[in-house]
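Listed below, chain by chain, are the residues.
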Amino acid sequence: MFERKNDHQIPDRPLECSECKKPISVRYTEIVGDMITEIHMCADCPELQKRLHGTSPREFVAEQTGNPAGLECGNCGTTLEDVKRGHLLGCSICYTVFEDVLFTEMQTTNRLPPKMINKKGHPLHIGRSPGETSSVTLSSRLVALDEALKETLSREDYEQAALLRDQIKEITEKGEWKEKGTPKQKDEEKK
Amino acid sequence: MERKRDSETKRRRKKMTAHALYPSFSNGQNPWYHNANPIWLGSTLSIHRNLEKFHFPSKLPVEKRKQIISLFDRDVLASQSLKKPQVYKAEDLAPIEKEFLVEHFLSQKSFQQALAGEAFLLDESKEFLGVFNIKDHLYLHLVDSRGELENAWSRLAKIESELSKSVSFAFSPKFGFLSSDSGECGTGLHVTAFLHIPMILHANRLQDILKKNKEDNIEYSGLHGDPHDIIGDIVAFHNNYTLGVTEENILRSIYGLATKLVIEESSLRSHFKQANENEQAEIKDKVSRAYGILLHSYQIEPIEALHALSWLKIGLEMGWLSDTTHEEINQLFFSCRRAHLLCYYGQKMIPEEIPHKRSEFIHIVLKKLKLLI
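Residue numbers (numbering that gives the first Met the number 0), protein chains in the order written: chain A, 0 to 190; chain B, 0 to 372.
Hint data in this document are derived by calculation from the structure and do not stem from the laboratory.
Treat the hints with caution; some may be incorrect.
[To be verified] Straight-line C-alpha distance at most 25 Å; calculated SDA-like pairs for lysine to any residue:
1) B:LYS213 - A:LEU141
2) A:LYS149 - B:GLY255
3) A:LYS173 - A:ARG154
4) B:LYS259 - B:SER287
5) B:LYS125 - B:SER106
6) B:LYS210 - A:GLN159
7) B:LYS173 - A:LYS173
8) B:LYS173 - A:PHE102
9) B:LYS210 - B:HIS189
10) B:LYS88 - B:ASP74
11) A:LYS149 - B:SER269
Kindly produce the complete structure, drawing on both the sequences and the hints.
As structure tokens, then:
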């Protein structure tokens with residue numbers, strides 16, 4: 000007999016950690032007497048620590064931070080423990096209250112470019128600000144096509160090179176690739 | 000009280016089968032209907048925003064969430080960038096319609112948990128999706144099937160500006176636009192390019208190309224968000240950082256990598272096209288098997304169908320198949336998935352019936368297809 004998987008048996012979305020809703024990477028099966036329990040967790044789930052080392056998430060946070068887990072956002076009630084467990088932040092003030100923790104968390108989960116890691120205390124955001132208009136030109140596309148063209152020519156793939164040349168020609172003829180700069184940059188230039 | 004509950008249940012049941020959302024996707028404009036791209040199938044761009052003076056949705060009662068939706072109402076209707084915008088309350092949509100939105104917009108998020116106080120914003124273009132109060136107050140998402148990331152970003156930024164005329168977004172000079180998920184603050188921009196690269200994967204070249212490219216801002220995954228589960232040879236490349244980079248950096252890195260991969264995949268395809276019989280044998284076998292599976296299966300699962308469709312696209316490009324187009328196959332990548340299929344048939348189906356209906360649907364679409372090898 001063969002086993003057939005039906006549509007309803009195949010999860011259409013990845014399973015989530017039952018604690019913090021991140022994608023699961025650990026299936027933890029515990030057998031106690033006749034009872035078998037199975038829990039799905041993400042790799043950095045404090046629940047995993049609890050299961051493996053017998054510490055509760057609160058104790059785990061205290062161990063990790065060296066502080067009793069008492070820090071709390073006065074505006075929305077989000078606790079340090081919530082932040083450590085990967086729960087969603089509750090309000091804008093959380094970013095001020097948990098600034099150091101969030102910064103460390105971003106580093107360890109690789110959510111910050113390496114060049115930014117030593118810049119603690121300095122502004123990290125270098126993108127648009129509210130109300131600023133966005134004018135991204137075709138120059139980035141031109142740079143990408145130019146790089147690809149060089150690479151293609153270096154391996155003597157003239158067929159692909161010809162296609163790339165056509166695309167570059169089309170963009171340069173449009174004349175839209177020239178850097179216009181954002182209004183913010185223009186203001187800075189004026190000053 | 001009980002009668003009221005009964006009528007509510009009946010109303011919901013009716014909604015489960017009516018699929019009010021689907022007709023506008025099948026009759027009107029649809030970015031995936033005329034998508035003949037052989038490799039770069041499409042891209043998605045999304046941004047997260049929250050309002051300054053409110054708690055984020057996870058800490059907000061339903062009434063306040065509804066208030067937030069009404070705050071955007073006037074700006075939504077006045078928007079010049081949206082064509083006939085319409086707001087759908089999450090509680091008015093059937094689960095299958097929410098799944099349909101996930102499939103159509105190639106979203107990595109699930110909307111199944113969306114309930115009262117949450118809503119969706121759609122417009123006639125079917126390229127834009129706005130989501131209210133799921134994780135963040137505002138989530139704006141755009142699909143692009145033309146490979147024009149700059150234009151898509153300009154359009155998304157314009158929609159954002161128009162929707163923010165009467166509200167202020169939560170912003171800090173240090174963390175940028177604030178999201179309930181700290182990993183998504185900063186620009187709050189996620190750009191994903193969906194590339195169909197069977198030859199690169201078949202030749203085990205992907206890791207080499209990524210290593211050579213040295214782009215630490217880019218990660219990849221399969222259609223369902225798992226990097227170890229590439230379905231239908233479609234790989235989604237997306238930016239890893241949203242903070243500490245500019246919007247232009249993100250677009251440039253995604254466009255740069257996508258261009259290189261498109262060139263590499265095209266080169267491999269033309270190499271195999273000109274190769275001798277022995278070299279082509281393995282690929283011909285895969286194409287023939289895919290043809291057999293798609294045209295002669297009695298029931299088929301979506302993952303198997305997407306894998307077979309992938310090789311059908313290669314067969315078409317090699318000239319080993321006739322009487323189909325990239326457009327037709329690209330459309331099948333969407334329409335054979337569960338929610339699309341259920342909405343298309345518009346009738347209640349037991350889960351065991353779906354694989355057979357999927358086979359039937361594929362047979363109808365590909366009835367003229369001919370294998371020439």
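Evaluation of the provided hints:
A threshold of 25 Å between alpha carbons decides the hint, and for LYS213 (chain B) with LEU141 (chain A) the separation of about 19 Å falls inside it, so the pair holds. Straight-line distance between C-alpha atoms of LYS149 (chain A) and GLY255 (chain B) comes to about 13 Å, which keeps the hinted pair within the 25 Å bound. Among the hinted pairs, LYS173 (chain A) with ARG154 (chain A) is inconsistent with the structure: their alpha-carbon atoms are about 29 Å apart, more than 25 Å. A C-alpha spacing of about 29 Å is found between LYS259 (chain B) and SER287 (chain B), which places the hinted pair above 25 Å, so the restraint is violated.
Under the criterion of a C-alpha separation no larger than 25 Å, the hint pairing LYS125 (chain B) with SER106 (chain B) is consistent with the structure, at around 14 Å. Distance hint between LYS210 (chain B) and GLN159 (chain A) is fulfilled; the C-alpha atoms sit about 22 Å from each other, no more than 25 Å. Note on LYS173 (chain B) and LYS173 (chain A): the hinted pairing is violated, with a Cα-Cα distance of about 38 Å set against a maximum of 25 Å. Using a Cα cut-off of 25 Å, the hinted pair LYS173 (chain B) and PHE102 (chain A) holds, with the two alpha carbons roughly 11 Å apart.
In summary, the hint linking LYS210 (chain B) to HIS189 (chain B) is supported, as the alpha carbons are separated by about 22 Å, within the 25 Å threshold. For the proposed pair LYS88 (chain B) and ASP74 (chain B), the alpha carbon gap of about 17 Å is at most 25 Å, so the pair holds. Our distance criterion of 25 Å between C-alpha atoms is met by LYS149 (chain A) and SER269 (chain B), whose separation comes to about 19 Å.
The structure does not agree with the numbered hints 3, 4, 7 stated previously, though it agrees with the rest.
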